[in-house]
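Engineer: Here is what each chain is made of, one letter per residue.
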Amino acid sequence: MFGYVVPEKPEMKIKEYELFRAYYCGVCRSIGRRCGQLKRLTLSYDTTFLAVLLSAAAGEKVQALRKRCPLHPFERRHVISGSSAVDYASDINIILAYYNLEDKKRDRDSAVSAAALAMLKRSFGRLRKKYPDKCCLMEQRLGELIRLEKQKCGSMDMAAEPFARMMEEITAYEPLCTGEETRKVLRWLGYNLGKWIYLLDAFDDIEKDIKSGNYNPFVYQFGYNGQDVEEFRGQIREKAAFTLFYTLNEISRAFELLDVKLNRGILENIIYIGMLRKTENILGIRRCGEVEESV
Amino acid sequence: MKNPYEVLGIREGASEEEIKKAYRELVKKYHPDQYRDNPLSKLAEEKLREINEAYDYLMKNISSGGSGQYGGSSYGRGGNGGWSDSGSDFFRQVKSHINSGNIRLAEDMLDSSRSRPAEWYYLKGLIFMRKGWYNEAYTHIQRAVNMDPANYEYRSALERMNASYNAYRANPFNTRTYRSEPDLCTICQCLWCSDCCCECMGGDLISCC
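So the protein sequences, as listed, match chains A and B.
So the mapping is simple: this note's numbering equals the position in the first sequence, first residue as 1, plus 744.
So the mapping is simple: this note's numbering equals the position in the second sequence, first residue as 1, plus 39.
Same shape as in the complex, but just chain A (with noise of 0.2 Å):
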């Protein structure tokens, strides 16, 4: 995925911090112990953001242990242990990451994600097996994704369509969440996160994308006709800040309506600060300047 579901560090208590970062440890060595050591330079934020969802969705019990680590030799850190909402997501994480690289080989054709592909298809293959039906529902959204983007999609809600409907399959993993209203409920948020993740990332990639011919929805939803990138940028923001914060807003009522009591400070952080940032960021609304950075 891209990495845009972050915490927003400054306002972090440090104990959430050292917890979201026991998170992190916890899927990347969930990711080394049952796919190999390598695989876990493909570990992301996002399905970090997964992990803390879902363990505090089914109520876990978890534990934290002081482990050590080669990439940081010299100190012990925390780690998540014996969670099957990290593991869960450290599962994602490579499915996600052998999808997003196919993707790449497909647009251009680079050695180095074909090496990165032949490194990842056997754990994805033993995956695969694992969830078959996930899998199955996924590719499916994958090749209607493929579809719009050759037909030239004109609707951005069309177009993103596809994989915030993955991400609602990634989201409500059933043996995870108990009962029909927490299932439904992560479902709403899944599907708006894939909304608010491709449509970011699809703002993002303007520029590159009419440089480089690629398919973006903005550039079809509002016509571009070959004026100024920052202009049409301009244009657009206003509309896509509409789509990209009423997302937003769906997605922490429907936070609300999940019974949280563990991470509740992390994820509250994440879904109103850390993602609202990013939003704000990336649109370029943020007035420069005027917090942490000043000092």
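Treat the hints loosely; a few may be bogus.
[Unchecked claim] Within a straight-line C-alpha distance of at most 30 Å, the following computed DSBU-like cross-link-like pairs (lysine-lysine) qualify:
no. : chain 1 : residue 1 : chain 2 : residue 2
1   : A       : K1005     : A       : K811
2   : A       : K983      : B       : K68
3   : B       : K67       : A       : K757
4   : B       : K67       : A       : K1005
5   : B       : K60       : B       : K99
6   : B       : K86       : A       : K805
7   : B       : K99       : B       : K41
8   : A       : K865      : A       : K894
9   : B       : K67       : A       : K753
10  : B       : K170      : A       : K896
[Stated by the list, open to error] Residues from chain B that face chain A, not an exhaustive set, calculated with beta carbons under 7 Å:
no. : residue
11  : K68
12  : P78
13  : S80
14  : G171
15  : W172
16  : N174
17  : E175
18  : Y204
Derived from the structure by calculation, the hints contain no laboratory data.
Predicted model, so just to flag it, every value in this text is computed and none were measured.
Note that beta-carbon positions come from the ideal geometry of N, C-alpha and C, so glycine has one too.
Chain A is fixed; fit chain B onto it per the hints.
Structural biologist: Here is chain B on its own, set in the frame of chain A:
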């Protein structure tokens, strides 16, 4: 029934004032207006009912002597009376499908319709909202408002969308933690001023200047 203190998110034995405060905040958070046109509205209603029950229970037990001025007036489902019976039978049917969550059927019905008055765009907008297609939803409802500017229902739907868009950014998490702290310049200025004042009075705050 769940533990009422837990439902309201307060410690056991909290004072009446604390209970009221927590209650007011929660009601604001889960108010039906916040979840209109949202697939999770039923759950929010449920949550609100739970909160109301907990609140009523606590208030009854705290002030058994009376003064239950809030007791009876717990907030119910505020909206939903809004569906006017204007428009044809066809649109009314579509509306009832939307309300009962049968989005696909409602959409099929609308798509099969030949005539496209303002009401059509409005309902289509509502469907898009339920599906999470916010840009389309806004465009459609905007169009309905343009076609029939006098209609209150359309306008209020548009206003609700605008309010939702603003709600997230106006969240207490952002206003509380940001912009309230002084930056370095302000701190320096304060120090300098205090130093001057002290020196005027014969003392000294910062000895080196």
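Engineer: Less than 7 Å between beta-carbons is the criterion; does S80(B) satisfy it with respect to chain A?
Structural biologist: 10 Å, violated
Engineer: Regarding the pair K865(A) and K894(A), is the alpha-carbon distance no greater than 30 Å?
Structural biologist: 26 Å, holds
Engineer: Holds or violated: N174(B) as interface residue toward chain A, Cβ cutoff 7 Å?
Structural biologist: With Cβ-Cβ at 5 Å, under 7 Å, it holds.
Engineer: Are K60(B) and K99(B) close enough, with their CA atoms no more than 30 Å apart?
Structural biologist: 16 Å, holds
Engineer: Hold the hint about W172(B) up to the distance rule: shortest CB distance to chain A must be less than 7 Å.
Structural biologist: Holds, about 4 Å.
Engineer: Classify the hint on G171(B) as holds or violated, based on whether any CB of chain A lies nearer than 7 Å to its CB.
Structural biologist: 6 Å, holds
Engineer: Should the interface hint for K68(B) be scored as holding, given a Cβ-Cβ cut-off of 7 Å against chain A?
Structural biologist: 6 Å, holds
Engineer: Does the alpha-carbon distance linking K1005(A) and K811(A) stay inside the 30 Å limit?
Structural biologist: 26 Å, holds
Engineer: Hinted pair, alpha-carbon criterion (30 Å max): K86(B), K805(A). Please report holds or violated.
Structural biologist: Measuring from Cα to Cα gives roughly 25 Å; hence the hint holds.
Engineer: Given the hint that K99(B) pairs with K41(B), test it: the Cα-Cα distance must not exceed 30 Å.
Structural biologist: 16 Å, holds
Engineer: Check whether the Cα positions of K67(B) and K1005(A) lie no farther apart than 30 Å.
Structural biologist: 20 Å, holds
Engineer: For the hint on P78(B), does the least C-beta distance to chain A fall short of 7 Å?
Structural biologist: 6 Å, holds
The structure fails hint 13 only (numbered hints given earlier).
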